[in-house]
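Got chain A; can you put chain B with the ligand on it based on the hints?
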Amino acid sequence: MKILVAIKQVAARDSQFKVDASGHWVEESDLSFEINEPDAYALEEALQLKERHGGEVVALCAGPARAVSGIREALAKGADRAIHIEVEDLTQFDALGVARLLAKAAETESADLLLTGLQSDDLGYGQTGVILAELLGVPHATIIMAVEKQDGSIRVKRELENGWFQNVTLPLPAVLAVQSGISKLRYATLMGIKKAKSKEIRRLTASDLGVPPSLNIVMERVYTPEKTKRTELLDGDPKQAAAALVEKLKFEARVL
Amino acid sequence: MSSVLVVMEQNAGAWHRMSWETLAAGQEMARQLGVEINGAVVGADVSALASELASKRLNRVYAVTHDLLGQYSPDGMTAALEQLIRKTAPDFVLFPHTYQVRDFAPKLATRFGQTLVPDVIGYRLSGQDLVLVRQLFQGKLNADIRFKSDGVRFASIQAGAFRAEAVEAGQAQVETITPDLNPGLIRTKAEEPFREAARAVDLSAAELIVSVGRGIGEKENLPLVQELAEALGAELAASRPICDNGWLPMERQVGSSGQTVAPKLYLAVGISGAIQHLVGMKGAKTIVAINKDPNAPIFEVADYGIVGDLFEVVPALIEEIRKVKG
Ligand SMILES: Cc1cc2nc3c(=O)[nH]c(=O)nc-3n(C[C@H](O)[C@H](O)[C@H](O)COP(=O)(O)OP(=O)(O)OC[C@H]3O[C@@H](n4cnc5c(N)ncnc54)[C@H](O)[C@@H]3O)c2cc1C
Numbered sequence: 199m200k201i202l203v204a205i206k207q208v209a210a211r212d213s214q215f216k217v218d219a220s221g222h223w224v225e226e227s228d229l230s231f232e233i234n235e236p237d238a239y240a241l242e243e244a245l246q247l248k249e250r251h252g253g254e255v256v257a258l259c260a261g262p263a264r265a266v267s268g269i270r271e272a273l274a275k276g277a278d279r280a281i282h283i284e285v286e287d288l289t290q291f292d293a294l295g296v297a298r299l300l301a302k303a304a305e306t307e308s309a310d311l312l313l314t315g316l317q318s319d320d321l322g323y324g325q326t327g328v329i330l331a332e333l334l335g336v337p338h339a340t341i342i343m344a345v346e347k348q349d350g351s352i353r354v355k356r357e358l359e360n361g362w363f364q365n366v367t368l369p370l371p372a373v374l375a376v377q378s379g380i381s382k383l384r385y386a387t388l389m390g391i392k393k394a395k396s397k398e399i400r401r402l403t404a405s406d407l408g409v410p411p412s413l414n415i416v417m418e419r420v421y422t423p424e425k426t427k428r429t430e431l432l433d434g435d436p437k438q439a440a441a442a443l444v445e446k447l448k449f450e451a452r453v454l
Numbered sequence: 070m071s072s073v074l075v076v077m078e079q080n081a082g083a084w085h086r087m088s089w090e091t092l093a094a095g096q097e098m099a100r101q102l103g104v105e106i107n108g109a110v111v112g113a114d115v116s117a118l119a120s121e122l123a124s125k126r127l128n129r130v131y132a133v134t135h136d137l138l139g140q141y142s143p144d145g146m147t148a149a150l151e152q153l154i155r156k157t158a159p160d161f162v163l164f165p166h167t168y169q170v171r172d173f174a175p176k177l178a179t180r181f182g183q184t185l186v187p188d189v190i191g192y193r194l195s196g197q198d199l200v201l202v203r204q205l206f207q208g209k210l211n212a213d214i215r216f217k218s219d220g221v222r223f224a225s226i227q228a229g230a231f232r233a234e235a236v237e238a239g240q241a242q243v244e245t246i247t248p249d250l251n252p253g254l255i256r257t258k259a260e261e262p263f264r265e266a267a268r269a270v271d272l273s274a275a276e277l278i279v280s281v282g283r284g285i286g287e288k289e290n291l292p293l294v295q296e297l298a299e300a301l302g303a304e305l306a307a308s309r310p311i312c313d314n315g316w317l318p319m320e321r322q323v324g325s326s327g328q329t330v331a332p333k334l335y336l337a338v339g340i341s342g343a344i345q346h347l348v349g350m351k352g353a354k355t356i357v358a359i360n361k362d363p364n365a366p367i368f369e370v371a372d373y374g375i376v377g378d379l380f381e382v383v384p385a386l387i388e389e390i391r392k393v394k395g
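Heads up: the sequence lines are chains A and B, in that order. Each residue of the first sequence is one higher than the one before, counting from 199 in this note's numbering. Each residue of the second sequence is one higher than the one before, counting from 70 in this note's numbering.
Hints in this document: simulated from the structure, not taken from any laboratory. Values in this document were obtained by computation on a predicted structure and should not be read as measured data. Backbone N, C-alpha and C fix where the C-beta goes; we use that ideal spot for every residue, glycine too. None of the hints are false.
Simulated pairs of lysine to aspartate or glutamate, EDC-like, Cα-Cα distance not exceeding 16 Å:
1) A/K446 - B/D372
2) B/K258 - A/E346
3) B/K394 - B/E296
4) B/K361 - A/D212
5) B/K361 - B/E381
One-sided and incomplete, this derived list gives chain A residues near chain B with beta-carbon spacing under 7 Å:
6) D320
7) Q325
8) V328
9) F363
10) N365
11) T367
12) S378
13) M417
14) E418
15) R419
16) L432
So that you can see chain A by itself, here it is in the shape it has in the complex:
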């Protein structure tokens, strides 16, 4: 089975953000980046499917030059090769634009299965996989918590709301948007890191793919949200703050 996994590099989870001078995005120079968490789970699922059924895992990433470190990590974890769509400024593409880039690159591969993460930790659009399926003319399923390969089809466990689930069967090829927590993430081994250095990264540009920048929707302004609720912050050293909180819990909230 040939599996394509879309991975995006996003700012590390604990980042503190500063809006950049344009006001349209954040200052990236002092951020560190990592593979978007749901995408890391999609990659993990792809690697496990390959271990069970054989085949090939190809990582697919649209992003600037820095994204190569994410691609290398995917290769070190076990992806066989990668495609890097080099886009210096991703803000020139909206969710549909990015999916068009990925779809064009995916068309050159004819994979059996395409995996994406459910959503990105930066923009949180949660659309890439679904749009990709529509552009490729293949079925999809989202919020995937388990994948079971069958003959010519795939049976997946979808998460519904409030702790409910549902199994769905799709013919292949198909796109799955994978939810965080589907399995346990592996670490790259030293051996894997060494091997990754010789693995192929095919570089493409948006113009190679014939996809011009496109924005149906634009981020006009990025800003720190105004607080609408006044949280009573309890100051002092930990001991003082704890004592003050206990007072509040006893006399105001009356839960002690």
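Just chain B with the ligand now, with coordinates in the frame of chain A:
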């Protein structure tokens, strides 16, 4: 005539409550834009739901009905709504940002060459157009989004962003629409929804809850919050990553995929406050947050907060609680 269309969600004949919040948003937007407001409900037999919807302030209710829509599928839903939208040509189409909408709305927007603006928390008027507000970086920043292309605009509304009680009553005509669908169109085969093994803990009945998030760092640190819960006589709950990692069982997960709780006290330790977590605990009477990041979105819902390292604050808190409780 220009219009806003609100696509309501129903499952097995019951409304998804976020549908009403979205309808409230739609009514308000349509009034300010000075355009018509219409509602749609989709299913195999939705006559009862459609007449209930017709008692709201709407110009028209579209009952989109077909046997193949009895069970949700992204293919069936997309085809049905595509036909409705081509026929009625609304300017704006609004959805509640539910798991189901996540599953088909981006596909539908793509059919129109458009990009859905998902998970909207607010808006402002800009001439005859809307500028939509949504969150970035899991609620740390906001962005104003403007539509750039012509044609129908698609957006989905975040849980809790508008108040369901604000929906205005009225009277509308019901129009039944039967889309042209055939079984070959629907490529996925869905089975009956199910739950995992019965829940041993019912957090919804708990009066006091201590909830732990990724800030705890490692499984080995969990006894610290367990001790806090015991000192308070509280149940222990968690955010999703803690359950994903298998550090606590999934039945202790609070949020849109887990349990919804409404205790007297919800003490969030090392939880950032992502919307999927907030929807599960916003109803708590008193919310306390302990977090080292003063900008964490959890402080947007917290009544009391301590900004600091939980590994210093929690031991101090346990000690103070023990003093009071004796
Ligand atoms: C479809 C869908 C469904 C979801 N369902 C759920 C759900 O049901 N429930 C749920 O919880 N999530 C759910 N999520 C995930 C959600 O989006 C968040 O990713 C998750 O809630 C984050 O958990 P967290 O706050 O524990 O972790 P993080 O967001 O990583 O936050 C950790 C926090 O700990 C703080 N911290 C770190 N170290 C310390 C320290 N030493 N002292 C004090 N504070 C510290 C940090 O400042 C940060 O604010 C869902 C997501 C999706 C897409």
